[in-house]
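Student: Below, each chain spelled out in residue letters.
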Amino acid sequence: MSERIELDITLPKETRYLGLVGQIGESMARALERFSGDREELAYHINLVLTEAMANAIKHADQPTSTEVRITITLARHKLTIRVYDQGQGFDLHTVSPPDTASLQERGRGIFIIRAIMDRVSYRKLKSGHVLEMEKTLH
Amino acid sequence: MNIQINEQGAVVLISVGEERLDAHNSGDLKTRLLSLFEGGKNNMVINLEGVRFVDSSGLGALVSGFKNASARNGSLKLAGLQPQVQSMFELTRLHRVFEIFPSPEEAIASFQV
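Chains A and B supply the protein sequences, listed in that same order. The first sequence runs contiguously to residue 139 in this note's numbering. The second sequence runs contiguously to residue 1113 in this note's numbering.
Everything labelled a hint here was simulated from the structure, so no lab data went into it. Predicted, not measured: the structure shown is a model, and the values here were computed from it. Be aware that one or more of the hints could be misleading.
[Stated by the list, open to error] Below, computed lysine to any residue pairings styled on SDA-like, alpha-carbon distance capped at 20 Å: (1) A:Lys59 x B:Ser1015; (2) B:Lys1030 x A:Gly108; (3) A:Lys59 x B:Lys1030; (4) A:Lys127 x A:Thr67; (5) A:Lys59 x B:Gly1027; (6) B:Lys1030 x A:Arg16; (7) B:Lys1030 x A:Arg107; (8) B:Lys1030 x A:Lys127; (9) B:Lys1067 x A:Arg107; (10) B:Lys1067 x A:Thr67; (11) B:Lys1067 x A:Leu104.
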């Protein structure tokens, strides 16, 4: 039987907590019992995806009523699922273009990075707010 | 943000003393670089030896500095990238944009050729 981990984290909607959520992801990657790949790379990637997704939620969740960000991290049957909930206006995942080195934009690499690391990325509207859902199969 | 700035002749060496360069502190770095440009400095080396983690906004602050230096006929070079940080530049293809040196000494010497 493969291991099952479920973390449900609620944090203030502030960038000072990006390091904390990243550390939680890194620690989880190092603690996995069954993973045959490059563990340090996985730790960095989970840290990065959590950091990018939470920063994105802070940026798009500009409603004064929402002061928290909720993140769930689930590992079940070798599949890692990270969900980041925001209360804001939302954005269109498909209008985020890949970074263009020629024009050297300062912004817009976050979603590109998440897509490069994770197998499947979706952004859905909920009754209240949105959820950015990211999945990756671990071997 | 913990940052050390040393002038070495015509080159300014900026050493980032934070383990993480992310959306929490990248704005600080961008502001510090802008004040150096406004003070007439346009040749810079950013020493990232102490940085273990960089996200897209950290990369954005470095791109901002690179563009400002280039616009002033100067140059912003990077040094001391940890392997995981280097891989971020490769992932976003920014390793083709920046001049990257193993050590700050080599980056500074490259201005004197």
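Student: Now tell me, hint by hint, if it's right for this structure.
Tutor: Status of each hint after checking the structure:
no.	hint	in the structure
1	A:Lys59 x B:Ser1015	violated, 28 Å
2	B:Lys1030 x A:Gly108	holds, 16 Å
3	A:Lys59 x B:Lys1030	holds, 18 Å
4	A:Lys127 x A:Thr67	holds, 18 Å
5	A:Lys59 x B:Gly1027	holds, 14 Å
6	B:Lys1030 x A:Arg16	holds, 17 Å
7	B:Lys1030 x A:Arg107	holds, 13 Å
8	B:Lys1030 x A:Lys127	violated, 38 Å
9	B:Lys1067 x A:Arg107	holds, 13 Å
10	B:Lys1067 x A:Thr67	violated, 35 Å
11	B:Lys1067 x A:Leu104	holds, 8 Å
In summary, the numbered hints that this structure violates are 1, 8, 10.
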